[in-house]
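Engineer: Here is what each chain is made of, one letter per residue.
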Amino acid sequence: MNLNQFRYIMGQVFVVPILALTVLALALAIQIKSSADTVQQIQSSDRRIARVTLVSKLIVDQETGLRGFQVTGDPRFLEPYRQAEHDLDPVLNRLYERMHQGPTANPQQAVIIAEVRDNYHNWKSGFVAGMMKAANASTELRDPELNMRGKQQMDSIRADLDRLTDQLNQQRVERIDRWQRQVKLMLRVLFGLALAAALLIGLFVRSRLHMVSAAFRGSMEEAQRRAAESFRSEQELRTTLCSIGDGVIQCDLEGRVQMMNPVAEDLTRWPLAEAVGSPISAVFPVINERTRAALESPVMKVLRLGQTIKLANHALLLRRDGTEVDIADSGAPIRDKDGKLLGVVMVFRDVSLERRSQEALIAHEKLVVSGRVAATIAHEIHNPLDAVQNLLYLIRQGGSSSETKEYLRLAESELTRVTEISRAMLGMHREATSAVIIDLRTSLCDMLLLMERRFAKLDVHVTSDLATGVEVCGYPGELKQVFSNLLANAAEAAGQGGTVHVELLRGVPHVTDTGESVPPGAVVRILDNGPGIAPDTLEKLFEPFFTTKGESGTGLGLWVSRGIAAKHGGTLILSSQLTGPDRGTIAEVYLPLSQSDSHVTPEIAPDAAPDLPITPDRQATRTVNASLASPPSL
Amino acid sequence: MPVSPQHLVLCVDDERVGLRVRQILLERAGYRVLTAESGPAGLDLFSHEPIDAVILDYSMPGMHGGEVARRMRDDKPAVPILLLSAYVGLPSEVMALVDLSMTKGEGAARLLEKLGSLLPA
Chain Y
1 MNLNQFRYIM GQVFVVPILA LTVLALALAI QIKSSADTVQ QIQSSDRRIA RVTLVSKLIV
61 DQETGLRGFQ VTGDPRFLEP YRQAEHDLDP VLNRLYERMH QGPTANPQQA VIIAEVRDNY
121 HNWKSGFVAG MMKAANASTE LRDPELNMRG KQQMDSIRAD LDRLTDQLNQ QRVERIDRWQ
181 RQVKLMLRVL FGLALAAALL IGLFVRSRLH MVSAAFRGSM EEAQRRAAES FRSEQELRTT
241 LCSIGDGVIQ CDLEGRVQMM NPVAEDLTRW PLAEAVGSPI SAVFPVINER TRAALESPVM
301 KVLRLGQTIK LANHALLLRR DGTEVDIADS GAPIRDKDGK LLGVVMVFRD VSLERRSQEA
361 LIAHEKLVVS GRVAATIAHE IHNPLDAVQN LLYLIRQGGS SSETKEYLRL AESELTRVTE
421 ISRAMLGMHR EATSAVIIDL RTSLCDMLLL MERRFAKLDV HVTSDLATGV EVCGYPGELK
481 QVFSNLLANA AEAAGQGGTV HVELLRGVPH VTDTGESVPP GAVVRILDNG PGIAPDTLEK
541 LFEPFFTTKG ESGTGLGLWV SRGIAAKHGG TLILSSQLTG PDRGTIAEVY LPLSQSDSHV
601 TPEIAPDAAP DLPITPDRQA TRTVNASLAS PPSL
Chain A
1 MPVSPQHLVL CVDDERVGLR VRQILLERAG YRVLTAESGP AGLDLFSHEP IDAVILDYSM
61 PGMHGGEVAR RMRDDKPAVP ILLLSAYVGL PSEVMALVDL SMTKGEGAAR LLEKLGSLLP
121 A
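These protein sequences, in sequence, are chains Y and A. Counted the way this note's numbering counts, the first sequence spans residues 1 to 634. Counted the way this note's numbering counts, the second sequence spans residues 1 to 121.
None of these hints come from the bench; they were simulated from the model. Glycine is no exception: its CB is placed at the ideal position from the N, C-alpha and C atoms. Keep in mind that the hints are not guaranteed to be accurate.
[To be verified] Interface residues of chain Y toward chain A, partial, derived using beta-carbon atoms under 7 Å:
{"no.": "1", "residue": "378"}
{"no.": "2", "residue": "379"}
{"no.": "3", "residue": "383"}
{"no.": "4", "residue": "385"}
{"no.": "5", "residue": "386"}
{"no.": "6", "residue": "387"}
{"no.": "7", "residue": "390"}
{"no.": "8", "residue": "391"}
{"no.": "9", "residue": "393"}
{"no.": "10", "residue": "395"}
{"no.": "11", "residue": "457"}
{"no.": "12", "residue": "459"}
When you get a sec, could you build the whole thing from the sequences and use the hints?
Structural biologist: Structure (structure tokens):
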């Protein structure tokens, strides 16, 4: 029920009783009116009875006066007669007029009153006039005949008057009866109507109130349900917020803290009560882990950009107590339903442990890689050493000087190879404590050298196309680990008779598919012509412990490699084609150039054969180490 | 000081320099030497030539020494095989196939000694 319906019902409840009462009042008025009419008629009857009584009295007065005069002959006795005579005629006339015509006319009574009047006039003109004449003539006033006639006339008048009085009284009684009936009826009707109206009003109001009450109850229940729901969801949110392992800080548009959860309090070492209202830069100061330069708080960044920002790497939170903690953070704008910015919510977490376990996993992977490389190295070193020992044995046995010279040259060449492999191995395993400038071409050549045997064993042709002078700042061992990993993967994917091509070039600044702008940097691309990787597998490849190699893989290689690339501020992307002439997989490592590396070199150095990218010529790799590649000329 | 000039030894190794040096060494020691740079080439020579002993490298691209040894045993079980390897710790089933094994870098004298022990004087 909406408000309009409610008002409508309230209007009905207001109007219906008024209408019922009006009807009741109308009925009452009609009853009163008819009752009043009857009362008027009763009054009129009373008045007539009074008049008729007056007429009787006047006639008696006249008769009395006349008898006195008749007895005494004294004209003074005629005084009442004259007085009554004077009054009687108008009264009689008025009575007749009222009865003869007008609203209260009664023909029967009119006839009687007319008879009375005639008889009276006859009495006056006959008996009274005769008596007056006799009196004047001083004759006997007691003329029996005259007296008898007068008596008869008077009797008739009296009889008429009595009849009239009876009639009027009868009428009056009838009228009173009628009035009483009317009053009774009125009372009954009124009682009935009142009862009906009360019943109607009662039932109507009841039904309407029932509707309103049902609607009210509905609204009430709805409101209670909503209140309970909102309370529950608020509790849930609050509980969620308090129990999640991440720190959450909410800020207003000015970047002042409005709310923070217990984890945020613990991570920042700021109690909520003190933090509320403080600027976020004070509560949450972040610096770059390596440069220690102040970083823009994610809150301010969201306010500036008006969009969600993702986790940032290498951020260090300076806590209130002076300690530092590795954190990853993200921020999102809070908007109302019209999209207006209301504030910012920032989520961050302590990644120290994560970083440490990551480091442990990286160390583990490094050991595995080391073991794998060590086996190769053992082979690589023992083979030339074996040749050298045999050569020394031959030299000691003696021979021609030209033979000895040749043996020495061979021994030297083999020793050079041992030295190179040893140097490459050291480069792989001697970890710098701080980032150094690395020439990527040298790094890649070392890796190719170390893995040469492995490629040969797998019968994989390797070609390379490496630009010179591409330098990045980083940790050489880690980068070699990445290259070793990617090269091993590529070689295994390519399989027997397959090819692997390695490219090093300067990347041009560009914008990726995801809209991120990439500054110029070094790009190492490792391509194989293997069967390719299905898209669903491709997605999982970077997850730790995911392996397609069964027992022989740790499932950490690509995950660690990507981590190393990210640590160097770079990326590692895999793309793959399952069919077509470009079938195979491309691993692309992007690394930002070192700051000092500003000199201009060609985008791609013309190092390899011009028919790029993949030539089935193993010599392309061998050119990297010409001394090794040249066949011995014995 | 040839031990037995008649003995024909087959050397199989993908390391060209090492193989060449080993050939010179054995020839100096009085053997006749045939060389092969891969397993299949070695097997070919083995089946067609009257080989008296084989010096076989384990780690080779394509077909490794274990496989080559197994096929040689199938072909001529009596011919002794000396397995050379740059690794320490080869699979035991491979070790069971060959007569003797040695790690590369143990020295020429040891090689000649071991080879001599495999051949009748």
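Engineer: When the nearest CB of chain A is found for residue 385(Y), is that gap smaller than 7 Å?
Structural biologist: holds, 4 Å
Engineer: Does residue 390(Y) pass the interface hint, meaning its C-beta sits closer than 7 Å to a C-beta of chain A?
Structural biologist: holds, 5 Å
Engineer: Holds or violated: is the Cβ of residue 378(Y) closer than 7 Å to a Cβ in chain A?
Structural biologist: Since the shortest Cβ distance to chain A is 6 Å, the answer is holds.
Engineer: Mind checking the CB of residue 457(Y) against every CB in chain A and telling me if the closest is under 7 Å?
Structural biologist: holds, 5 Å
Engineer: So, residue 379(Y) near chain A? Judge it on the closest CB pair being under 7 Å.
Structural biologist: Cβ of residue 379(Y) sits 4 Å from chain A, so the hint holds.
Engineer: Holds or violated: is the Cβ of residue 387(Y) closer than 7 Å to a Cβ in chain A?
Structural biologist: holds, 4 Å
Engineer: Go through the hint on residue 395(Y) and say holds or violated, using the shortest Cβ distance to chain A against 7 Å.
Structural biologist: With Cβ-Cβ at 11 Å, over 7 Å, it is violated.
Engineer: The hint names residue 386(Y) as touching chain A; please verify it with the least Cβ-Cβ distance against 7 Å.
Structural biologist: At 4 Å from the nearest chain A Cβ, residue 386(Y) passes the 7 Å test, so the hint holds.
Engineer: At a threshold of 7 Å, is the proposed contact between residue 459(Y) and chain A supported by beta-carbon distances?
Structural biologist: holds, 5 Å
Engineer: Tell me if residue 383(Y) is really an interface residue toward chain A, meaning its C-beta lies closer than 7 Å to one of theirs.
Structural biologist: Since the shortest Cβ distance to chain A is 5 Å, the answer is holds.
Engineer: Report holds or violated for the interface hint on residue 391(Y), using the least CB-CB distance to chain A and a cut-off of 7 Å.
Structural biologist: Given a least distance of 6 Å, the restraint on residue 391(Y) holds.
Engineer: Would the hint on residue 393(Y) be counted as holding, given a Cβ-Cβ threshold of 7 Å to chain A?
Structural biologist: Interface hint status for residue 393(Y): holds (3 Å vs cutoff 7 Å).
Of the numbered hints given earlier, the model fails hint 10 alone.
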